[in-house]
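S.K.: Sequence:
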Amino acid sequence: MPKKNKEVPRNSVQYSHLSSEYIVAGNFILDEYSHKAHDLYNRALYDLRQGFFKKRYVKGYSELDSLFKRRYQARESVLYHGLGYVQSAQQTLKEVNTVWQAWLKALKAYKANPSRFTGRPRMPRYLRKDQRHTFFVTNQSAKVKDGCLVIPKLGFKLKLAPQIKAIQRVAFKPIYGGYKVVVQYKIDKKITYLPDNGKYLGIDPGVDNAFACVTNTKNAPLLINGRGIKSINQYYNKERSRLKALQAKYHQLESIIDTKQGKKPVYQETKAMKRLTAWRNAKIRQFAHKATKRIVDYALSCEANTIVIGNNKSWKRSSDMGRKSNQNFIGIPHKVMIEMLQYKSNLAGISVIRTNESYTSQTSALDHEQPCWQNGNKSRKKQGKSPVNRRIHRGLFRSNDGRLINADVNGAFQIIRKAFPKASLADGIADVVLRPVKWS
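Its first residue numbered 1, the sequence shown is counted upward by one per residue in the UniProt record's numbering.
Don't read these hints as lab results, they were simulated from the structure.
For each residue, glycine too, the CB sits at the ideal point set by N, CA and C.
One should not assume that every hint holds.
What the hints assert, rightly or not - FRET-style restraints, in silico, Cβ to Cβ: (1) K173 with R70: 28 to 36 Å; (2) R435 with N400: 16 to 24 Å; (3) M123 with K438: 42 to 50 Å; (4) A25 with Q87: 23 to 31 Å.
Said to hold, decoys possible - Pairs of lysine to aspartate or glutamate, EDC-like flavour, derived with a Cα cap of 20 Å: (5) K94 with D65; (6) K173 with D130; (7) K180 with E32; (8) K290 with E339; (9) K94 with D47; (10) K290 with E269; (11) K271 with D31; (12) K186 with D146; (13) K199 with D39; (14) K274 with D130; (15) K189 with D208; (16) K238 with E269; (17) K157 with D146; (18) K105 with E95; (19) K283 with E339; (20) K378 with D367; (21) K159 with D130; (22) K244 with E269; (23) K129 with D39; (24) K157 with D31; (25) K271 with D130; (26) K344 with E303; (27) K230 with D208.
All chains, full assembly: derive it from the sequences and hints.
M.R.: Dropping the structure here:
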């Protein structure tokens, strides 16, 4: 007897804060504070690590904050007031403490059950010398005046999006050529989720089709073209490989370290590499924002109040599709795009469910098969059914009665069945799903 899939509860996440991002050019003041945040981070991490090794533990953020405050009063260290605002230094200390406590928690879980991990959690390491680091400014020091963000001690002024009236915190994250300013603000509106109306949108993440979207209504499926982002990743990998070869040839930013295997050269990133990575990340982020907005609009047009998306645990780490396919698949940040889709959908009142997508590509939606082992390829072979694999070509699936359907569309509908086993094809949808619409 096939196992019954349990119905997954609908999402009820409430967002109280959102963030808005801006790119600004670097200057002397921002660089100075960024380097001071680097020094403070490393010094705080040093205290935590030494306390761990010597069994004199620093217990939490409060004790860490008191330690740096005493050092400043005793004139032993001025790092506590080096960031201009005490609150900024406290935010960096909180960041270090969060990283440290997460490691301790992971280490405890690892000792209790090592099989849950791929390896022993690694102790947090120091930041590289002379590296810029993220620093924060709280709402006690940063204000919104006439639609602009104003931070007096930094001499900083930035035009904000019109919906931002008051801020919670500002983060200055170093990027190539400047900083990404992340402005966190509070939203007053409480999310009101739309009720379950029996209309669902299933999404199958992929490579050539970054997202295959299908509903159990009579609307034509939507395929988000992923070839553009695939091309960008291929160019990025090829160009980065070329730059690394030149770096090794001319010994750029090279340092020799001692390892168990002997002396080994280690290289830092060159300016050309940083510029290339910044370009690639900006392209991917732009694609992610446009694609997720298109999916939310599609869901609203189909009146689908629930989105079900395939998301396997460790699917990138355990990917085994060959060297070329692995590089294409791993280079697309599906997790980031899924999280982006979730918050945009939630703000529109649409619930998002993540579900395992096992057997969704091996079973047939048009034949009303449940996506489980009993209907998978290994089971079909054991039962003597032919053909064993009904995915006859790349991107093409053949049902039991000979109808051809886009393989990603078939998988997307089976993902709906994963979360809602009782969901069925509506009358006439069989003809609609055979003609998906591709969006680039």
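S.K.: Decide, hint by hint, whether the structure agrees.
M.R.: Hint-by-hint comparison with the structure:
no.: 1; hint: K173 with R70: 28 to 36 Å; in the structure: 30 Å, holds
no.: 2; hint: R435 with N400: 16 to 24 Å; in the structure: 20 Å, holds
no.: 3; hint: M123 with K438: 42 to 50 Å; in the structure: 48 Å, holds
no.: 4; hint: A25 with Q87: 23 to 31 Å; in the structure: 25 Å, holds
no.: 5; hint: K94 with D65; in the structure: 9 Å, holds
no.: 6; hint: K173 with D130; in the structure: 15 Å, holds
no.: 7; hint: K180 with E32; in the structure: 16 Å, holds
no.: 8; hint: K290 with E339; in the structure: 14 Å, holds
no.: 9; hint: K94 with D47; in the structure: 14 Å, holds
no.: 10; hint: K290 with E269; in the structure: 30 Å, violated
no.: 11; hint: K271 with D31; in the structure: 17 Å, holds
no.: 12; hint: K186 with D146; in the structure: 18 Å, holds
no.: 13; hint: K199 with D39; in the structure: 54 Å, violated
no.: 14; hint: K274 with D130; in the structure: 16 Å, holds
no.: 15; hint: K189 with D208; in the structure: 38 Å, violated
no.: 16; hint: K238 with E269; in the structure: 16 Å, holds
no.: 17; hint: K157 with D146; in the structure: 11 Å, holds
no.: 18; hint: K105 with E95; in the structure: 16 Å, holds
no.: 19; hint: K283 with E339; in the structure: 18 Å, holds
no.: 20; hint: K378 with D367; in the structure: 18 Å, holds
no.: 21; hint: K159 with D130; in the structure: 30 Å, violated
no.: 22; hint: K244 with E269; in the structure: 9 Å, holds
no.: 23; hint: K129 with D39; in the structure: 9 Å, holds
no.: 24; hint: K157 with D31; in the structure: 16 Å, holds
no.: 25; hint: K271 with D130; in the structure: 15 Å, holds
no.: 26; hint: K344 with E303; in the structure: 16 Å, holds
no.: 27; hint: K230 with D208; in the structure: 7 Å, holds
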